[in-house]
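Asks: With the hints as constraints, model all of the structure from the sequences given.
Chains as they are written, first to last, in our numbering: chain A, 1 to 390; chain B, 391 to 494; chain C, 495 to 668; chain D, 669 to 1316.
Rather than coming from a laboratory, the hints here were simulated on the basis of the structure.
Any given hint might turn out to be false.
Coverage of chain B stretches by chain D, computed from C-beta distances (three or more under 8 Å per stretch; other residues unrestricted) [unchecked claim]:
#	segment
1	407-416
2	476-482
In silico DSSO-like links for lysine-lysine, alpha-carbon gap of 27 Å or less [to be verified]:
#	chain 1	residue 1	chain 2	residue 2
3	A	LYS383	C	LYS623
4	D	LYS1225	D	LYS836
5	A	LYS104	A	LYS62
6	A	LYS164	B	LYS493
7	A	LYS333	C	LYS661
8	C	LYS660	A	LYS383
9	C	LYS660	A	LYS164
10	C	LYS631	B	LYS482
11	A	LYS78	A	LYS104
12	A	LYS104	A	LYS94
13	A	LYS90	A	LYS104
14	B	LYS493	D	LYS1287
15	A	LYS94	A	LYS78
16	A	LYS78	A	LYS90
17	C	LYS503	C	LYS623
18	C	LYS621	C	LYS631
19	A	LYS17	A	LYS78
20	D	LYS827	D	LYS1225
21	D	LYS827	D	LYS697
22	D	LYS1041	D	LYS1200
23	A	LYS17	A	LYS62
24	C	LYS503	B	LYS482
25	B	LYS493	B	LYS482
26	A	LYS94	A	LYS17
27	C	LYS661	A	LYS164
28	C	LYS503	C	LYS660
29	A	LYS78	A	LYS62
30	A	LYS333	C	LYS621
31	A	LYS104	A	LYS164
Note that the Cβ used here is the ideal one computed from N, Cα and C, for glycine as well.
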Amino acid sequence: MIRAIEFYVDMIFVTAKAWILDLLSRFLPDWMVVLASITISGVVILCMGPIIMMYLTLLERKLIGRIQNRYGPNRVGKWGLLQPIADGIKMFTKEDIVPANADKIVHLLAPIVIVVPALMVFLVVPFGERMTAVNLNIGLLYFIAISSVTVLPIFMGSWASRNKYSLLGGMRTAAQMISYEIPMTLAVVPAIMMSQSLSTNTIVLAQAGDYDLHWFIFTPWGIVGFIVFFLCATAECNRPPFDLPEAESELVAGFHTEYSGMKFALFYMAEYMNTFTLCGIAATLFLGGWQGPFFPSWLWFFGKTFVLICVMIWFRGTFPRFRVDHLMGFAWKFLLPLTLVNILLTALWQFTSNLAAWFWSILVLGISLWTLVKLNRTFVPEKRHYPLES
Amino acid sequence: MIVLPLSHILIFSLLLFAIGIYGALVRRNIIGILISIELMLNAANINLIAFSKYTSLSPETGQIFALFVIAIAATAAAVGLAIVLALYRIRKTVQANEVNLLKW
Amino acid sequence: MPILEIAVKFGTYAVMAGILIFALGVVTLRNLFHCALCLAAALIGTAVIYVVLQAEYLAAIQILLYAGAVVTLIIFAIMLTEHLAETTIRQNNSQSPLAITGLLGLVALLTVLILRTPWPVTQTALKAKVSVMGLGKALMGTYAFPFEVISIILIAALIGTVVIAKKDDPEERL
Amino acid sequence: MVTSDQILLVPLLPFLAFVTNILAGRWLKDRAAWLSIAASSLACVIALPVCWAVFQGAYFAHQGTWLMLDAVPLRFGYLMDPLSATLLFMVTVVGTLIQTYAAGYMHGDPRYSRFFAYVSLFMFAMITLVISDNYLLFFMSWEIMGLCSYLLIGFYFEKDSAANASLKAFLTTRIGDVGFLLGFLTLFAAIGTLNFSEMNGLLTEAHKTHAALNTGLLAVAALFIFCGTIGKSAQFPLHVWLPDAMEGPTPVSALIHAATMVAAGVFLVARSFTLFMAVPNILPVVTAIGTITAFMAAFIALTQNDIKRVLAYSTISQLGYMVTALGLSGLGAGTFHLITHAFFKALLFLGAGSVIHGAHVQDIREMGGLFRKMPHTAVTFIIASLALAGIPPLSGFWSKDEILLAAFGSGNFLVFGVLLLTAFMTAFYMFRLIFLTFFGTARNAGVHAHESPALMTVPLWCLAVGSILIGIPGSPLMHHWFQRFMAQTVHYPEYEPSALVMACSIVVAVLGITLAGVIYLEKKHWAVTVAKNFPSFYRLSFNKFYFDEFYSAYIVKPFNALSRILFGFDETVIDGTVNNTGRATMFLSGVKQWIDTYIVDGAVNFMGTLVYFLNSVTKRIQTGFIQNYLLIVFLSVLAFLAFELKLT
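Replies: The following block contains the structure:
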């Protein structure tokens, strides 16, 4: 009985959509029905995206406040719930300044181009049991491809605003995004190897099992993969501690210094949507997506991503900012080798028996971590001596 | 689901290829030339995929070839741009017509 | 569903036209940055064409590699070589008339060729579905050797570019 | 004890003397004579025991290969059989004596060492000739002797007559030598070997088994070989050089033109006696030539006034005797006469030499009454003349008797008659000579003549003793030992000695001597009357049968004419063509030079400029703009495509 209720609640959205489609199919031609289903899921995503983004900003400001031992915004609406709407209105009313000899078209295009991939990624995220928008069989690859395109608008933004700070910020962001994209992609490979397929849905199904002990995170390579993926995710969406490019103290606002008003809001929205999708994907890959004992699948998915987002916000509150060369060194000299070792581990895991696998993988993991840390310590360039100090 | 006749795609890639050649022949900036070369390679890729889709017996070959072409194009672009950077650092120019020492 | 097919057909034609326009943009625009962006747009357009030709995997690869990596590389190069506020100078040089005539000749020649030759379009090929699994197997099986060679070439290019583009400050010389 | 290489020393010693004299002549000066005398005497000392051994019946033959005519070995070596032993004995003894005499005679001569060098070279040649065992070595030594005779005759080369005489001697002997060369080559063709012993073996065996020998070829060979003898031993046609050879110093005449060299011709015939026996119809020719020479020479000698010329003609006549003896197949007689004649003829010449040395004049009409002034010379001279004339106890008689016996025995009485007449003439002119020089009144020359020193008279006496004793071995006293000794190698017919022949020869000799004495001692005017009423004979005899004139008129003059014609031809035709070709090439080179400069160089330069022009045209393609190249590539590809697709 409970199972039936569960199933019913679980499928609530799917059934809703199916009901609407039946309704429409009565008096619309079939191809129109197909179009209708596409538009329905499209509209749902397009609304859900900004709403999530708005409430993420609120959540972040609330949590940061709490970390810094103060309340977050609570003036606007009950517990500050209406704060995002207030920000939105503010963004709309702000005057949209365009620098004098800036490149008008590119300046205008940059925010638009950055939002589109952010939204396109939702296509692949598996919200619930049968609630992924399009069940592409190359889902994960699609996700990686789209996230790699995000570098382009940043370039456009920094170049079009024609000022040195934004250019420098743009270059740094681009460098950081590229160098963290590789470890992220490689971190994903173990999950793909184990689940034998690229589509997110099958990956989540591969993690199903009794008492949810088959999540990938509970395997040695899973933990390492998850940590690396999570770190790269935070770097990917320029959230602290990897948010050097638009760090206020040094580069004013990085590549979107010249933006104000709605364009700045778009940049902001793209960033937060990225965080949401990345956390969602992290959850699907390693935390078993919508797998959960009791609650409906979509609830489990949103809960897990919500937890990961809180961790990210927690990062913001605690960690100091990375220096540029440490940032790059960390990606190339620590994360990349680690992911390679991780892939080796999963292969090892695949072909050895359970207990021996645990032992071997821990051993290899320990050794590689130890060597990598040792190596990195030697390569770190020594402190620079400025002549005045002598 | 395939609706397009093969010849249309071939003509499209031919046009794209012609535009690429035009760019390579005409652009004054070396990076412009490199970009147009990328365009030409892309046109070739389209052809590969189209043929593998429409005619070839083992469908994968075309795609794998395209994959390799993309890889090679990437390496070519990388090395080309490295050379352009080196050239820029030495000669402070990337205009093709200013780089003309290698003549009689 | 004929309507959908018609829609897709028109969609692809529209995308093709868009790509051609962007390509023209790449070739003729004065501002090099705009050209790079048009290139990116053109590449993404071709990715869409790949999707239409049921080569999704390749479309993703195209976007990932081409639009993501190569265009970024080009933009990096542009940033490093272009002066920020430089007035853009006329882009094409003296060869354009000759080049255009040659091109028109080429296009005419090849279009006639394309239209005249009976391409061996086989229904089986049209039906065949290319799955990522199949691609993976082919890549690892029959094309294993090229796969290895490509990796070597990539590494060589990697090292090559680093060596060429590295600023050779004296005291650090090997 | 005799060893084989001892014999090799015999020719080697004179050769060493020759070499030292030639090389160190200027330094040696007088001592050169003693060196060559020592060499020849030492050779004589070595040779005598060998000869003695051969006399006892020993026989030495040794051969060494000299060179390989493509796998056919050419062997040289020496052969010591009775014939060569006797000759060796005669040559060494007479040679040594004459050299000792020459030391005295040539005293004070500026080219003293060179004379002795030539003499010892001659000795070396003669000895090798004598002991050689094949025709080739024989011919080589024969040639060296010809050379020595030329050098020695022309010793006083300042005198034109000496130079001409030496040249004449050399040329005439050369003609004979050519004949001899052709002879032994045809012989080689006929029987395939040049070796004497092999030849003897072959011919005698063929003779015995009457095998078919191509006698025609052998006859030709024999005839040619006899030409060599005619040339060398001054026989009938080629005798003209010997009288003129008297220009040389007297010891030379004695050694070469009396004893040894002229005897070589006869020795040659003796050596190839088996060949002549194998071809009997050649022998009459030989005898004819011999008798003619003998008679003619004697006849000329009658009227000669120069002492050396008389002796020269007597030598020719005696050689004629030897040749006739061999012609009558009397090997023993011929060689025996050769040995005896060598001794007393050498003595005669040396005597004449000391007369000239003393009286410093050669014409016998100016001499006279020298007997008292030069007793030794006179006595030895008289002994030699007696021997020559053929008075019994002396050697001359025995050897001449043998020849006459051979003639008488073999039955051709004409030859016997002529020989007897010649013997008479010989006796006559010899004693005419004696009486004119030694007896009678001293015409102007005799005034301050003086006896030669001991160095010259001692050899005279040795030779005198020799000429007396040498006759004995061949005489009945020793039972014709010499003839039997000779018969060991080659068999030839023997004739029992007949008293008649001996009687005739004695009568003839005595008649001659008395006639000479009568004419030249008491009745001087007889000579003049005889000359007057036999004018043609006298002129003939005095002018030497006009041979010289005949030769110069009919041989030398046409020869010169012919050479002048040839010279003319050579001048015009050959030189002409040479000059013309020269001029032609000059012209051609001019043309070539023109071609070379304008056409060849022109072409090359043209090519150079052409390339430069093309270069300047194609140079423009390389503009340095990379896009130009790309355009070129593209257009060419397009062109190829268009051409390839042929979509017209």
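Asks: Confirm or reject each hint.
Replies: The hints, checked one at a time:
no.: 1; hint: 407-416; result: holds (count 4)
no.: 2; hint: 476-482; result: violated (count 0)
no.: 3; hint: A/LYS383 x C/LYS623; result: violated (58 Å)
no.: 4; hint: D/LYS1225 x D/LYS836; result: holds (15 Å)
no.: 5; hint: A/LYS104 x A/LYS62; result: violated (37 Å)
no.: 6; hint: A/LYS164 x B/LYS493; result: violated (39 Å)
no.: 7; hint: A/LYS333 x C/LYS661; result: holds (21 Å)
no.: 8; hint: C/LYS660 x A/LYS383; result: holds (22 Å)
no.: 9; hint: C/LYS660 x A/LYS164; result: holds (23 Å)
no.: 10; hint: C/LYS631 x B/LYS482; result: violated (48 Å)
no.: 11; hint: A/LYS78 x A/LYS104; result: violated (41 Å)
no.: 12; hint: A/LYS104 x A/LYS94; result: holds (19 Å)
no.: 13; hint: A/LYS90 x A/LYS104; result: holds (23 Å)
no.: 14; hint: B/LYS493 x D/LYS1287; result: holds (9 Å)
no.: 15; hint: A/LYS94 x A/LYS78; result: holds (25 Å)
no.: 16; hint: A/LYS78 x A/LYS90; result: holds (19 Å)
no.: 17; hint: C/LYS503 x C/LYS623; result: holds (19 Å)
no.: 18; hint: C/LYS621 x C/LYS631; result: holds (20 Å)
no.: 19; hint: A/LYS17 x A/LYS78; result: violated (32 Å)
no.: 20; hint: D/LYS827 x D/LYS1225; result: holds (24 Å)
no.: 21; hint: D/LYS827 x D/LYS697; result: holds (23 Å)
no.: 22; hint: D/LYS1041 x D/LYS1200; result: violated (34 Å)
no.: 23; hint: A/LYS17 x A/LYS62; result: violated (34 Å)
no.: 24; hint: C/LYS503 x B/LYS482; result: violated (48 Å)
no.: 25; hint: B/LYS493 x B/LYS482; result: holds (20 Å)
no.: 26; hint: A/LYS94 x A/LYS17; result: violated (38 Å)
no.: 27; hint: C/LYS661 x A/LYS164; result: holds (22 Å)
no.: 28; hint: C/LYS503 x C/LYS660; result: violated (48 Å)
no.: 29; hint: A/LYS78 x A/LYS62; result: holds (13 Å)
no.: 30; hint: A/LYS333 x C/LYS621; result: violated (47 Å)
no.: 31; hint: A/LYS104 x A/LYS164; result: holds (17 Å)
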